[in-house]
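Make the full structure from the sequences, and use the hints.
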Amino acid sequence: MIEVEDLGRTFVVRRKTGLLRRSREEVAAVTSVSFRVDAGEAVGYIGPNGAGKSTTIKMLTGILVPTSGRVRVCGLDPSRQRTELAKRIGVVFGQRSQLWWDLPLVESFELLRHIYRVDPAAHARRLAECTELLGLHEFAATPVRQLSLGQRMRGEVTAALLHAPELLVLDEPTIGLDLESKERLREFLAELNASRGTTLVLTTHDLDDIERLCRRMMVIDHGQVLADGPLAELREEVSPERTLVVDLERPAAPLDGLPGVVSVRTEAGGLRQLLSFRRDATTAARLITLVADRAPVHDVSVIEPDIDEVVKRLYQRRSPVA
Amino acid sequence: MCALIGCYLRIALAGFRRYATYRQAALAGTATNVVFGLIKISILSAVYAAQGGGSVGGYDLTMTITYVWLGQGLLSVVQFWGDADLDTRIRTGDVVIDLTRPWNLGMALLAEDLGRAAFASLARFVPPLAIGALLFPFRWPTDPAVLAFFALSALLAVVISQGIRFLLSLSTFWLLDPRGVSGLYRVGGATLAGLEIPLNYFPSWAQTALWFTPFPGMMQSPIDVFVQHGSAAALLAHQALWAVLLTVAGQVVLRRAVHKVVVQGG
Amino acid sequence: MAEAYSSLIRAQLRSQLSYRTSFLLNCLAQMLAQANDLLVIVVLFGRVASLGGFGVQEVLLVYALSGIAFGLADMVVGNVEQLPQYIRTGRFDVVLMRPMGSLAQLCASDFQLRRLGRVVTALGVLVYVLSISDIHWTPITLLLLVITPVAGAVIFGSIFIASNSLSFWLIDGRELANTVTYGGNYFTSYPVTVFSGWLRVFLAYVIGGAFVSYYPALALLGRADPLGGPDWLRFSAPVVALLAALAAGTVWRFAIRHYRGTGS
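Protein chains in written order, with my numbering: chain W, 1 to 322; chain D, 1001 to 1266; chain X, 2001 to 2264.
Treat the hints with care, since some could be wrong.
As the list claims (entries may be wrong) - To spell it out: a stretch of chain X is covered by chain D in this simulated footprint if at least three of its residues, at any positions, have a beta carbon under 8 Å from a beta carbon of chain D; those stretches are:
no., segment
1, 2014-2027
2, 2049-2057
3, 2164-2172
4, 2189-2200
Said to hold, decoys possible - Computed far set for chain X versus chain D, every beta-carbon distance over 12 Å:
no., residue
5, 2101
6, 2103
7, 2138
8, 2145
Claimed, not checked - Quick partial rundown of chain W residues pointing at chain X, CB under 7 Å, derived from the structure:
no., residue
9, 61
10, 63
11, 65
12, 87
13, 102
Because the hints were derived from the structure by calculation, they are not lab data. Just so it is clear, CB atoms sit at the ideal spot from N, CA and C, and this is done for glycine as well.
This is the structure in structure tokens:
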């Protein structure tokens, strides 16, 4: 479905260096990215802000022309066959709308039917399907500007699917959504991927999106792919450490010397202690018992390494300090 | 009291800085103003060419050219069509935040606008004026004191313009869609102030009617003061009267608007 | 493509006409904007009998032809002025991701019918001027009367598109574009003879302003060009319009290539 080989994109930045002097500088947004996505896959594409995610997506969709390397999407060259490709892929942006602000939602769908030249019967069938699954009927006649973010996103996803794309690209689709809306959207996308076989590529900052939807995760930073594989495997590989947060009844000295614990930090004068431990060395349950033996425990919780932490680790691992 | 004045001074300074960040925009805007100035000069010169020189409504050709460059510069200082910031804040209800602050909203906006005008008088007023003074026949005041009167007159012009824009924005509290009303003002206000042609070109009955309104005070008055057309004292008095009237009206309407928000919940 | 375009326009019309009062007020504001320039001409002719060698009726004819052309162009493609917002908010990327021409989408997506207000005022003046002017009507002048607003609108539309393409390079491109769009309208409302020097060369011939209203008006009035131009120049507006459209299309395509990173 997608073949990317040695893809690179540089931008020219002009910077003021003096009163009148300006310097010209080439900045690489994407250095050299290679990957393959097969039909029916669901891939999470993650990385910190400015890592090169949007630049890659723009090149995949044909908006931006690569400065080096090769891209094929659906067997087409995106930048040369942009319009042809547009009819075969769907794109959803969490932070920008492809709907018409002042028009009722259904009218936007109708306009897209004309723009994508979809057969009316097929259009009606797909719209009915999405309306059913995403519960659009409550607000289909409402102007888009009056929709809540959750409702709008359901509209956006529908808009991207009406021409039955083989590939759906989602750029931060769950950003800003409440938990219920997120869950509803993920469920729909998972179903889409499983039953219709639509290939999904999504960028996100929310690890839950990946966990719920993607069997495969790709991490990018500084314009390079740092890791590519199943999520759990990657997390285990680079961040085997979790943190047990223990709130004690009374302040105590640092709880040193517990088996399997890598480091101990204390907060609030010893009232809260954070114990980092390796998942392969011990378990949270065993640790809690051990801690309870040494001091009365008020509350405990476990922190998983978050996505930025994972990315940071991956980055540190791939580029040893020179 | 001192602290309060200090607060408004800060706001004015912030207004200055806010617009000072748009230096490129100022450059592009100046280019546009200069081109429009050139077109205007051609058209108005054709009037003098057609009647073989002399004066029209008390302006000779040199005064008219001076009028054009002053006008093209003052246009951005006075700002007839401001941003619709306040309108939007009123429509969305965000204005409540502004109203709960320990300041007078009208005065705060005036302070910010004066700051903006101060930047505009450097970046937008001086360049067209310099071009006019260097490349065209230009009428400088015969008495340096006139420059001081002109500065005062330009300041009053900003106060009048801001007063009118503030009242138009406040109308959003009552009107469903104020864009129609401000749209009409945007279209006609500048012409009635004397931007397109000097008001003294108008038939005398129209001039009499116009000087009963605040419009000439936003553009024609400072220009007349500069080219020494008419009595500076009378021009300034007319402006001062309208500046006071509009400021008071703004405060009264603001109070009613606040009352409406507090009692009726918007 | 044509079907998609017309459905975009129709959707905009439905939405705008549903707020009737607001629409009428906006329309009125546009009518008055055009009347504003008329007021200036009327006041000037209250002082003198001719401008640049042309009488009041002749200048009003030039003004009316310019107003109709500009109004039509503003209505159909004036929305390219929104380009900076489209680029800043990323909406332009959305436009590029669809299988339809970017310019058509941009112009149709926010089509403003209220801009017809300008055309209404200018058309009113045209009808009035023609009714009091002494014009020798032949099939040729009639045809000219029909073609002139269209050719003028194409010229202005090309100016809108080419100049606003600057927004792909400059943040304040729109402001600079104003010099030739609104400035062009200002310029073409008067006979070219009023102007001189490089200002005339640039606005009348480089961007084609003289062919919007001045030359067609000369042809309608049966007057020779006081500037000594050959007579056929008075009928050349359609050719100029075609060239302008081709040039604007080239500039737009070049700008899009730059935006997508192929150009530079």
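For each hint, the structure was consulted:
| no. | hint | result |
| --- | --- | --- |
| 1 | 2014-2027 | holds (count 5) |
| 2 | 2049-2057 | holds (count 4) |
| 3 | 2164-2172 | holds (count 3) |
| 4 | 2189-2200 | holds (count 5) |
| 5 | 2101 | 28 Å, holds |
| 6 | 2103 | 23 Å, holds |
| 7 | 2138 | 31 Å, holds |
| 8 | 2145 | 26 Å, holds |
| 9 | 61 | 5 Å, holds |
| 10 | 63 | 5 Å, holds |
| 11 | 65 | 5 Å, holds |
| 12 | 87 | 5 Å, holds |
| 13 | 102 | 5 Å, holds |
Taken one by one, the earlier hints all hold for this structure without exception.
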